[in-house]
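Work out the full structure, taking the sequences as your base and the hints as a guide.
Chains as they are written, first to last, in the working numbering: chain A, 1206 to 1375; chain B, 1206 to 1375.
Just so you know, the hints here were simulated from the structure itself, not pulled from any lab data. Ideal placement from N, C-alpha and C gives every residue a C-beta, glycine not left out. Be aware that one or more of the hints could be misleading.
Claimed, not checked - Calculated Cβ distances over 10 Å to all of chain B for the following chain A residues:
{"hint": "1", "residue": "ARG1245"}
{"hint": "2", "residue": "ASP1327"}
{"hint": "3", "residue": "PHE1331"}
{"hint": "4", "residue": "ASP1333"}
{"hint": "5", "residue": "LEU1334"}
{"hint": "6", "residue": "GLN1336"}
{"hint": "7", "residue": "ASP1340"}
{"hint": "8", "residue": "ALA1343"}
{"hint": "9", "residue": "VAL1364"}
{"hint": "10", "residue": "THR1366"}
{"hint": "11", "residue": "ASP1373"}
{"hint": "12", "residue": "PRO1374"}
As the list claims (entries may be wrong) - Cross-link-like lysine to any residue pairs, in silico, SDA-like; alpha carbons within 25 Å at most:
{"hint": "13", "chain 1": "B", "residue 1": "LYS1346", "chain 2": "A", "residue 2": "GLN1309"}
{"hint": "14", "chain 1": "B", "residue 1": "LYS1365", "chain 2": "A", "residue 2": "VAL1209"}
{"hint": "15", "chain 1": "B", "residue 1": "LYS1235", "chain 2": "B", "residue 2": "VAL1209"}
{"hint": "16", "chain 1": "A", "residue 1": "LYS1346", "chain 2": "B", "residue 2": "ALA1255"}
{"hint": "17", "chain 1": "B", "residue 1": "LYS1235", "chain 2": "A", "residue 2": "ASP1363"}
{"hint": "18", "chain 1": "B", "residue 1": "LYS1346", "chain 2": "A", "residue 2": "THR1312"}
{"hint": "19", "chain 1": "B", "residue 1": "LYS1235", "chain 2": "A", "residue 2": "GLN1336"}
{"hint": "20", "chain 1": "A", "residue 1": "LYS1235", "chain 2": "B", "residue 2": "LYS1346"}
{"hint": "21", "chain 1": "A", "residue 1": "LYS1346", "chain 2": "B", "residue 2": "LEU1284"}
{"hint": "22", "chain 1": "A", "residue 1": "LYS1346", "chain 2": "B", "residue 2": "ASN1225"}
{"hint": "23", "chain 1": "B", "residue 1": "LYS1365", "chain 2": "A", "residue 2": "GLU1256"}
{"hint": "24", "chain 1": "B", "residue 1": "LYS1365", "chain 2": "A", "residue 2": "ARG1301"}
{"hint": "25", "chain 1": "A", "residue 1": "LYS1365", "chain 2": "B", "residue 2": "LYS1365"}
{"hint": "26", "chain 1": "A", "residue 1": "LYS1235", "chain 2": "B", "residue 2": "LEU1284"}
{"hint": "27", "chain 1": "A", "residue 1": "LYS1346", "chain 2": "B", "residue 2": "VAL1209"}
{"hint": "28", "chain 1": "A", "residue 1": "LYS1346", "chain 2": "B", "residue 2": "MET1283"}
{"hint": "29", "chain 1": "A", "residue 1": "LYS1235", "chain 2": "B", "residue 2": "MET1283"}
{"hint": "30", "chain 1": "A", "residue 1": "LYS1365", "chain 2": "B", "residue 2": "MET1283"}
{"hint": "31", "chain 1": "B", "residue 1": "LYS1346", "chain 2": "A", "residue 2": "ASP1363"}
{"hint": "32", "chain 1": "B", "residue 1": "LYS1235", "chain 2": "A", "residue 2": "ASN1304"}
{"hint": "33", "chain 1": "B", "residue 1": "LYS1365", "chain 2": "A", "residue 2": "TYR1219"}
{"hint": "34", "chain 1": "B", "residue 1": "LYS1346", "chain 2": "A", "residue 2": "GLU1256"}
{"hint": "35", "chain 1": "B", "residue 1": "LYS1235", "chain 2": "A", "residue 2": "THR1303"}
{"hint": "36", "chain 1": "A", "residue 1": "LYS1365", "chain 2": "B", "residue 2": "ALA1255"}
{"hint": "37", "chain 1": "B", "residue 1": "LYS1235", "chain 2": "A", "residue 2": "LYS1235"}
{"hint": "38", "chain 1": "B", "residue 1": "LYS1346", "chain 2": "A", "residue 2": "PRO1317"}
{"hint": "39", "chain 1": "B", "residue 1": "LYS1235", "chain 2": "A", "residue 2": "PRO1349"}
{"hint": "40", "chain 1": "B", "residue 1": "LYS1235", "chain 2": "A", "residue 2": "VAL1209"}
Given next are the chains, with one letter for each unit.
There are 2 protein chains.
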Amino acid sequence: MSIVPELMAANERYASQFTNGDLPMPPRHKLVVLTCMDARIDPLRALGLAEGDVHVLRNSGGRPTIDVVRSIAVSQEMLGTREIVVIHHTECGSVRITNDSIRQRLTESLGPDAGRAAGEIDFLPFTDLDQSVRDDMAILKSSPLLQPETEISGFIFDVKTGRLQQVDPT
Amino acid sequence: MSIVPELMAANERYASQFTNGDLPMPPRHKLVVLTCMDARIDPLRALGLAEGDVHVLRNSGGRPTIDVVRSIAVSQEMLGTREIVVIHHTECGSVRITNDSIRQRLTESLGPDAGRAAGEIDFLPFTDLDQSVRDDMAILKSSPLLQPETEISGFIFDVKTGRLQQVDPT
Chain A
1206 MSIVPELMAA NERYASQFTN GDLPMPPRHK LVVLTCMDAR IDPLRALGLA EGDVHVLRNS
1266 GGRPTIDVVR SIAVSQEMLG TREIVVIHHT ECGSVRITND SIRQRLTESL GPDAGRAAGE
1326 IDFLPFTDLD QSVRDDMAIL KSSPLLQPET EISGFIFDVK TGRLQQVDPT
Chain B
1206 MSIVPELMAA NERYASQFTN GDLPMPPRHK LVVLTCMDAR IDPLRALGLA EGDVHVLRNS
1266 GGRPTIDVVR SIAVSQEMLG TREIVVIHHT ECGSVRITND SIRQRLTESL GPDAGRAAGE
1326 IDFLPFTDLD QSVRDDMAIL KSSPLLQPET EISGFIFDVK TGRLQQVDPT
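Structure below.
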């Protein structure tokens, strides 16, 4: 059964107490937060942020894909952000897969069309959590589409404690 | 000046009251929420959700890019989600740009290397908000990488009222 009726009822309560109708479009903190889709992470609450404060980008792993670079370029050029925070996390699904294993699973459960489509996708698994954060900071830093003065920091979120640990970029 | 010290202090307060250390990795609601990076949207609060409930994917516009399909395939295959909610919103930056305009702006502010990189990216602008939601539901529905029983719903979030309006898929 779809969860949509439950979501709509909850949104009705949210809208009935809504006081953010005058927020400007540009993020108050000129910040983009890039993190994983993982259900255990609420990036706004974990960072003490609220509506209006930051752009949030999320995908599997919190990796700086072309889609992320596209989004940051728009965020910076159109809405003036100049800082990026990359947050990976403990117990990430991206360390439990390899490209081969996820492609094989998708082929087995969905068939050869899925197998072909999956074969063209890099699922961006990683093995070393700290290194994955350093890699992603470096990828962003080297992109010609980011403003050169962009400040980039990297963190690991511990899903057992809710605590962020900063990762040295070098 | 970087906002990192402020974020770290806020995270220390979050961690000191953290009670979610036992949450399982699979999302409680078997749901993926795909929405825009826009600062005015807090998808969890707007839908009455919390840590542990759903996977959240966010990019510029809330569009179903390859990166989004990659992430949903992982979410479904590894962590059992079977429903997707697509949420676009009023006053979206994606209706204020065209591929030509954003590429020209990036070239002017960052130089020819940025112009070449931007020329290879579709920034996924749109003009009709309702149609953009319908298009994105259709793109997801037709992907060979999604489980065939996936339920997909589409919504528009009104940034002035905080209210969601469902979009008919046809």
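Which of the stated hints cannot be reconciled with the structure, identified by number in ascending sequence?
1, 2, 9, 10, 15, 16, 19, 20, 21, 22, 24, 25, 26, 28, 29, 31, 34, 37 and 39
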